[in-house]
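**Q** What follows is each chain in one-letter form.
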Amino acid sequence: MSNNKSFLIVNRKAPFGSAYAKEALDVGLIAAAFGQKLSLLFMDDGVYQLLKQQDPSDINQKNSSQTLPMLEMYDVKDIYVEAESLQARNLNAEDLLIPVEIIDKETTSELLEQQDILLNF
Amino acid sequence: MKYSLAIYGAPYSSQAADTAFSFAEAAIARGHEIYRLFFYLDGVHNASNLATPPQDENDLPARWQELIKAQNIDAVVCIAAGLRRGVLDEVEQQRYEKNGNNLSEGFTLSGLGQLIDAGTNSDRLITFGA
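Protein chains in written order, with this note's numbering: chain A, 151 to 271; chain B, 23 to 152.
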């Protein structure tokens, strides 16, 4: 691709209850496979997408969180989580399935500002 | 300016698709270019030619089809999202041995790479329905 813009996928919804989390992850994997400069941000209920030990088999859903470690294989290392969203849900880094960088609200604003393309889910 | 629109809302379920349509019309009226419409998530239902709204309601799928044809816009439906939700063209109908196909004329089924390409090659990529 001729120019390499920076993409940020913003995940704000819970992992189940809608298709957003699953289909956002699909976009992430494709963007990474295309070699785009890609970062991911999880905030609001989107932080629940990163929880360890998810088991949605009782609601007949696939466990998309098992795909999250694939991001590292695709060399996607810039994965951010908004601190305030974690705190509001009584969660911390140990609850999360993959290594992330936890950033405060102000830094989140800067992150959004720095990107060429925001993909909101 | 070159715009691309990512549309995630189904017609008749949320306002997102109507808003996207109005935005596309307004952008064209102001002399801007639509590089691509990308239909994803429930937005794929905008591309169904089987939608049959009551006569006194806005027939959004038909209006998309008219706009796409009149302005020769590249309108892409994510193939994975479309197949899951029953939006198929003739090729996919045959591949999966289904009873029918319903992708409106002017739309094409393609991959998510087209969304990334739209971001890369447009001045603005705007999401409707997140």
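The hints are simulated quantities; they were obtained by calculation from the structure and are not laboratory data. Please note that the accuracy of each hint is not assured.
[Claimed, not checked] Listed below are several chain B residues computed to face chain A (Cβ distance under 8 Å; list not exhaustive):
#1 Met23
#2 Tyr25
#3 Ile95
#4 Ala103
#5 Gly135
#6 Thr149
Ideal Cβ placement from N, Cα and C applies to all residues, glycine included.
**Q** Look at each hint and say if it fits the structure.
**A** To see whether the hints hold, each was checked on the structure:
| no. | hint | verdict |
| --- | --- | --- |
| 1 | Met23 | violated (15 Å) |
| 2 | Tyr25 | violated (13 Å) |
| 3 | Ile95 | violated (20 Å) |
| 4 | Ala103 | holds (7 Å) |
| 5 | Gly135 | holds (6 Å) |
| 6 | Thr149 | holds (5 Å) |
Hint violations for this structure: numbers 1, 2 and 3, all remaining hints satisfied.
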